[in-house]
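Generate coordinates for the entire structure from the input sequences, incorporating the hints supplied.
Listed below, chain by chain, are the residues.
Protein chains: 2
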Amino acid sequence: MSPKITTELLKQLRQVMKNPRYVQEPVQAYIVPSGDAHQSEYIAPCDCRRAFISGFDGSAGTAIVTEQHAAMWTDGRYFLQAAHQMDSNWTLMKMGLKDTPTQEDWLVSVLPEGSKVGVDPFIIPADQWKRMSKALRSAGHDLVPVKENLIDTIWTDCPQRPCKPLITLDLSYTGVSWRDKIVALRSKMAERKVMWFVVTALDEVAWLFNLRGSDVEYNPVFFAYAVIGMNTIRLFIDGDRMMDPAVREHLQLDSTLEPEFKIQVMPYGSILSELQAVGAGLSPKEKVWLSDKASYALTEAIPKAYRYLTPYTPICIAKAVKNAAETEGMRRAHIKDAVALCELFNWLEKEVPKGTVTEILAADKAEEFRSQQKDFVELSFATISSTGPNGAIIHYKPVPETNRTLSVNEIYLLDSGAQYKDGTTDVTRTMHFGTPSAYEKECFTYVLKGHIAVSAAIFPNGTKGHLLDSFARSALWDCGLDYLHGTGHGVGSFLNVHEGPCGISYKTFADEPLEAGMIVSDEPGYYEDGSFGIRIENVVLVIPAETKYNFKNRGSLTFEPLTLVPIQTKMIDVSLLTEKECNWVNEYHQKCREVVGAELERQGRHEALRWLLRETEPLGRVQ
Amino acid sequence: MSPKITTELLKQLRQVMKNPRYVQEPVQAYIVPSGDAHQSEYIAPCDCRRAFISGFDGSAGTAIVTEQHAAMWTDGRYFLQAAHQMDSNWTLMKMGLKDTPTQEDWLVSVLPEGSKVGVDPFIIPADQWKRMSKALRSAGHDLVPVKENLIDTIWTDCPQRPCKPLITLDLSYTGVSWRDKIVALRSKMAERKVMWFVVTALDEVAWLFNLRGSDVEYNPVFFAYAVIGMNTIRLFIDGDRMMDPAVREHLQLDSTLEPEFKIQVMPYGSILSELQAVGAGLSPKEKVWLSDKASYALTEAIPKAYRYLTPYTPICIAKAVKNAAETEGMRRAHIKDAVALCELFNWLEKEVPKGTVTEILAADKAEEFRSQQKDFVELSFATISSTGPNGAIIHYKPVPETNRTLSVNEIYLLDSGAQYKDGTTDVTRTMHFGTPSAYEKECFTYVLKGHIAVSAAIFPNGTKGHLLDSFARSALWDCGLDYLHGTGHGVGSFLNVHEGPCGISYKTFADEPLEAGMIVSDEPGYYEDGSFGIRIENVVLVIPAETKYNFKNRGSLTFEPLTLVPIQTKMIDVSLLTEKECNWVNEYHQKCREVVGAELERQGRHEALRWLLRETEPLGRVQ
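If you read the sequences in order, they're chains U and Z.
Be aware that the first sequence starts at 1, since it is given in full-length UniProt numbering, and climbs by one per residue.
Be aware that the second sequence starts at 1, since it is given in full-length UniProt numbering, and climbs by one per residue.
Calculated from the structure, these hints are not laboratory results.
Check before you lean on any hint, since a few could be wrong.
Since the list gives no way to pick one copy over another, a pair counts as held whenever it fits inside one copy or between any two copies.
Derived DMTMM-like pairs: lysine to aspartate or glutamate, alpha-carbon spacing no greater than 25 angstroms straight-line [as the list claims (entries may be wrong)]:
| no. | residue 1 | residue 2 |
| --- | --- | --- |
| 1 | K580 | E442 |
| 2 | K130 | D292 |
| 3 | K464 | E528 |
| 4 | K580 | D478 |
| 5 | K193 | E113 |
| 6 | K507 | D292 |
| 7 | K285 | E274 |
| 8 | K507 | D99 |
| 9 | K98 | E191 |
| 10 | K304 | D142 |
| 11 | K464 | E512 |
| 12 | K464 | E191 |
| 13 | K374 | D170 |
| 14 | K134 | E300 |
| 15 | K441 | E546 |
| 16 | K193 | D180 |
Structure, rendered in structure tokens:
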């Protein structure tokens with residue numbers, strides 16, 4: 001990996017920072033955040049502006065360029081990568097280390113008095129703007145919005161914004177029509193006494209209209225905004241996509257509809273001016289609902305007194321609670337995914353001893369088996385295929401420089417998933433193709449105990465996911481072990497593999513309570529640097545639990561695993577399991593046999609079926 | 001209970017609200033919060049202004065009086081009591097109910113345009129002032145500080161502010177001299193680059209100077225402030241207390257000391273003017289450290305740019321981590337406390353069947369036994385002595401109207417504690433003096449399992465207490481049960497029975513991580529309205545744990561019970577315990593026998609010793 005030479009680019013950027021064509025007044029610093037205008041976790045190539053200007057292409061990082069300096073803030077996952085990818089023009093700011101200044105403090109320390117700091121107001125979320133603006137102002141500087149993105153002005157071979165065809169999802173996939181979703185949204189708006197709702201997150205637009213796209217890798221979304229009024233629907237979207245007869249039919253664009261369901265299609269780029277027009281026309285007490293993570297540009301379009309900001313939008317919360325059609329779709333997707341993984345693991349078992357299977361080949365093979373399944377669309381994230389010490393790198397993705405060959409002497413960790421038209425999967429299994437050591441089995445078994453403790457937990461309605469996090473760690477803690485990541489995240493239904501508003505983590509972010517129908521991952525792990533990584537991940541559905549009593553009539557919840565892939569019994573030290581845990585494993589494997597076994601049979605995959613049957617033999621409990 | 005007639009009082013208050021002798025401009029509303037000028041949980045009679053004006057004397061509540069209205073906000077614990085104690089001049093605002101307006105919203109709805117809302121700036125914490133002021137300002141009103149407390153102007157028979165003699169604590173109790181505490185504080189100040197620290201909480205003043213008082217019932221504190229500079233110490237305190245030779249000697253008031261340890265004693269009432277003088281004399285970059293819960297008056301004395309506010313002060317954090325002398329003192333106090341409770345329970349066992357023991361008598365008897373112990377000072381809170389349905393009232397305190405007779409047919413819950421010169425205790429035991437039902441035993445056993453799950457938990461250094469809360473609930477949750485309070489609170493060392501900055505709760509307040517030496521309570525429960533209450537509470541010390549491995553060299557922690565009072569085995573359904581839980585009970589009881597048994601023996605309390613031995617027979621595990 002050689003660093004990107006950025007001397008010329010930085011020179012150009014510093015010129016446009018003073019060019020009156022782009023800035024009203026020269027800016028002495030320019031901030032280049034990671035995100036896109038929708039605050040997406042995964043972004044399109046045309047939005048990788050920070051990678052373009054610096055060379056550093058990790059998933060998290062903020063660049064700031066001043067007349068004299070160029071600095072990059074990123075976190076511990078990327079210190080090495082950023083140092084390799086950036087040339088000497090750049091200073092690496094290692095976030096999380098004690099002596100690393102914050103962006104604000106650093107700016108204050110390097111800027112001449114009364115400086116202007118520019119940023120694209122579409123890329124910076126309103127809450128971040130507020131924090132940074134306040135800090136700069138108190139030091140005598142100004143944060144200013146620069147309308148034209150300055151990176152775009154110098155990025156001559158910038159890829160086009162993707163504008164791929166849309167997929168329409170009928171009721172059998174979504175369970176609820178977009179009209180009914182609009183009705184439900186308007187009723188939430190009425191409850192909160194707001195007149196307008198602005199949909200800025202890409203997965204929220206996709207969910208609301210029962211449409212999917214492929215503008216961003218791994219996430220079946222498309223670039224669009226929507227503004228929902230009590231009597232109007234405006235969809236801001238580009239391209240010929242609205243010419244597609246299936247889409248026109250789906251959105252009933254050519255039908256005679258009640259006016260409140262008539263969708264006005266407008267250019268993607270007109271969102272700001274349209275929203276400003278909405279903002280200008282508000283009467284007193286007419287509020288506009290926005291996510292507090294919406295861009296500064298869109299938030300500012302609404303006068304402050306008229307804004308109604310919440311951390312989670314009503315769409316985010318409704319989307320998280322899957323209906324029967326979505327749940328059934330997720331079940332189907334997970335069965336197909338399990339079939340693909342049974343094929344893969346059966347293949348690996350035969351091939352690994354030959355010494356010819358690399359991490360990349362294994363990942364490719366996993367994709368190949370998945371792609372054979374009905375309604376497969378794409379992967380849901382970059383496959384983590386890692387063996388031996390690579391397994392200890394939590395966000396590892398094999399590349400030629402690191403690509404290791406699987407062997408019968410090392411633990412193999414595969415964290416992978418796919419988008420099917422009926423659901424999204426995300427599963428991690430940790431396997432040994434030879435004979436694991438007693439210590440490896442011991443660690444695996446603690447992780448398994450944690451996995452089961454969450455999966456089998458019973459808890460009252462209204463419980464937030466972060467209250468379950470310690471259950472996943474208790475067995476590891478007892479022996480002085482732990483893992484440095486959260487335990488679970490929300491999973492979309494043929495949508496983003498990471499979604500809010502719920503999760504299971506020791507970090508007390510403002511998660512919403514778990515509700516029946518929500519879907520999260522359960523993925524404790526254990527990682528030993530330079531040696532191995534273990535993680536056991538199922539996607540689980542929140543379901544009502546039957547309990548002996550029912551305190552205050554609150555009702556109880558528990559989880560049902562949707563993922564149905566065998567957990568390698570060879571890795572389990574059965575003597576460390578309680579009877580209850582042992583039964584859990586056996587019942588889980590029995591279900592894998594019945595459900596996935598039937599599908600393997602149906603698909604005529606007899607060898608994989610034999611593998612499944614062998615891998616799901618009941619554990620004999622050591623007394 | 002008949003309500004207090006407040007017509008005349010309210011008329012007087014409304015007059016002073018317009019009287020230019022007290023207010024610069026008339027105020028259209030006056031807020032009477034619960035607290036004192038130190039944001040204490042327990043307050044002195046002279047600070048019970050809200051109870052004086054309204055009649056309602058529960059521990060939580062805020063009164064607001066306007067020209068037309070008088071309203072009282074309180075929470076679910078006090079709806080009934082407030083309704084009984086207040087006359088028809090008052091409107092009860094039931095906090096937590098959906099339709100109850102916030103104080104701000106209510107004020108905005110009833111006030112004429114451009115009103116002034118007055119409050120005593122010494123009583124309202126700065127963070128509350130900020131919130132309320134902002135809300136009122138956005139509606140065109142003003143929150144204004146009224147220097148003279150308006151309730152005091154009409155409270156003709158207001159009790160005097162207590163000014164009781166001080167107790168000096170030598171090194172054998174405190175482990176660290178006040179000089180060394182000042183040195184440590186100054187080093188924390190230097191770390192944060194602050195020049196001044198203002199001590200506003202009463203327990204922080206007491207801890208810092210190794211002094212105790214009795215100005216407030218149950219809390220061995222005294223009215224005082226302190227302002228610590230890098231070279232100066234100012235103590236604001238009233239009365240002859242500084243005339244006491246023991247105190248003068250302790251504080252070395254008459255010795256020739258290095259100037260930086262010379263304590264300047266100043267009148268309690270001069271804190272504001274002295275702090276204003278400090279504020280006026282600050283050079284740029286000289287910061288003043290205050291708790292963000294300090295009063296608005298003191299916070300305002302320091303110009304905004306010079307304030308350094310934190311939720312927990314360095315004293316609060318240092319105070320929470322007990323040193324060896326404090327820990328040993330706490331151990332001694334808990335042994336004496338256990339002796340008293342063995343005597344009590346032995347006595348109850350004989351007396352209850354006679355039908356002559358009421359809740360009040362039992363509470364008095366508990367105090368009597370405690371007062372026989374060395375270094376006993378007073379109780380640490382109002383004893384919760386409750387039988388049958390009264391046990392389900394979580395904050396119950398027996399009064400003649402509710403006083404129930406203990407019987408062999410009902411569960412008895414006793415939550416009580418004391419201040420000894422060497423430590424503070426807080427213990428809850430739930431007993432049956434007849435034959436408990438299978439259901440009562442079942443519920444008790446779930447609570448016990450939760451108690452053990454916390455007490456025996458092993459967790460990494462740096463873990464916050466709220467991550468342990470679910471361990472206490474898991475056994476209850478499995479059966480659909482729960483309890484609606486937190487699991488634990490910090491406990492002072494011969495100081496307040498409730499102290500920050502750590503605790504164990506599902507509410508994610510900003511608790512600090514648990515550290516070896518911290519002391520918290522472990523008190524899960526189960527309550528069945530109208531029927532019974534169960535709670536099992538020990539005070540536990542955070543200690544290092546030995547573990548098989550040591551991930552990232554972080555080290556692990558666990559708890560050691562300081563409370564050593566038998567847990568009634570008659571109430572345990574042994575078949576519901578795991579082997580590990582059974583062993584925990586037996587080992588705990590073995591320790592009670594050894595440690596408390598030896599002390600009972602030493603004190604010649606043979607009957608109570610026989611009771612202890614009988615109550616601590618090992619459980620036989622049902623296989």
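Checklist line | Alpha-carbon proximity between K507 and D292, which holds within one copy, between copies, both or neither at 25 angstroms | finding: both (20 angstroms within a copy, 23 angstroms between copies)
Notebook entry, point to check: Using 25 angstroms as the alpha-carbon threshold, which applies to K580 and D478: within, between, both, or neither?
Noted result: This pair counts as both: shortest intra-copy Cα distance 18 angstroms, inter-copy 13 angstroms.
Check: For the identical chains here, do K134 and E300 meet the 25 angstroms Cα criterion within one copy, between copies, both, or neither?
Finding: both (16 angstroms within a copy, 21 angstroms between copies)
Notebook entry, point to check: For K304 vs D142, is the C-alpha pair at or below 25 angstroms within one copy, between two copies, both, or neither?
Noted result: For K304 and D142, the Cα distance is within 25 angstroms both inside one copy (19 angstroms) and across copies (21 angstroms).
Next item on the list: Indicate which option fits the pair K464, E528 if close means a Cα-Cα distance not exceeding 25 angstroms: within, between, both or neither.
Entry: between (30 angstroms within a copy, 24 angstroms between copies)
Check: Quick one: K193 to E113, C-alpha cut-off 25 angstroms, is that within a copy, between copies, both, or neither?
Finding: between (45 angstroms within a copy, 24 angstroms between copies)
Margin query: Cα distance capped at 25 angstroms. Does K464 pair with E512 within a copy, between copies, both, or neither?
Written below: both (6 angstroms within a copy, 20 angstroms between copies)
Notebook entry, point to check: Given a CA cutoff of 25 angstroms, do K285 and E274 count as a within-copy pair, a between-copy pair, both, or neither?
Noted result: Only inside one copy: K285 and E274 sit 20 angstroms apart there, 47 angstroms across copies, limit 25 angstroms.
Next item on the list: Indicate which option fits the pair K98, E191 if close means a Cα-Cα distance not exceeding 25 angstroms: within, between, both or neither.
Entry: between (46 angstroms within a copy, 13 angstroms between copies)
Next item on the list: With 25 angstroms as the alpha-carbon cut-off, assign the pair K580 and E442 to within, between, both or neither.
Entry: both (18 angstroms within a copy, 20 angstroms between copies)
Checklist line | Homomeric proximity label, K374 with D170: Cα distance no greater than 25 angstroms | finding: Within one copy only: 17 angstroms inside, 79 angstroms across.
Item checked: Alpha-carbon proximity between K507 and D99, which holds within one copy, between copies, both or neither at 25 angstroms -> within (23 angstroms within a copy, 32 angstroms between copies)
The structure meets every hint from the earlier list without exception.
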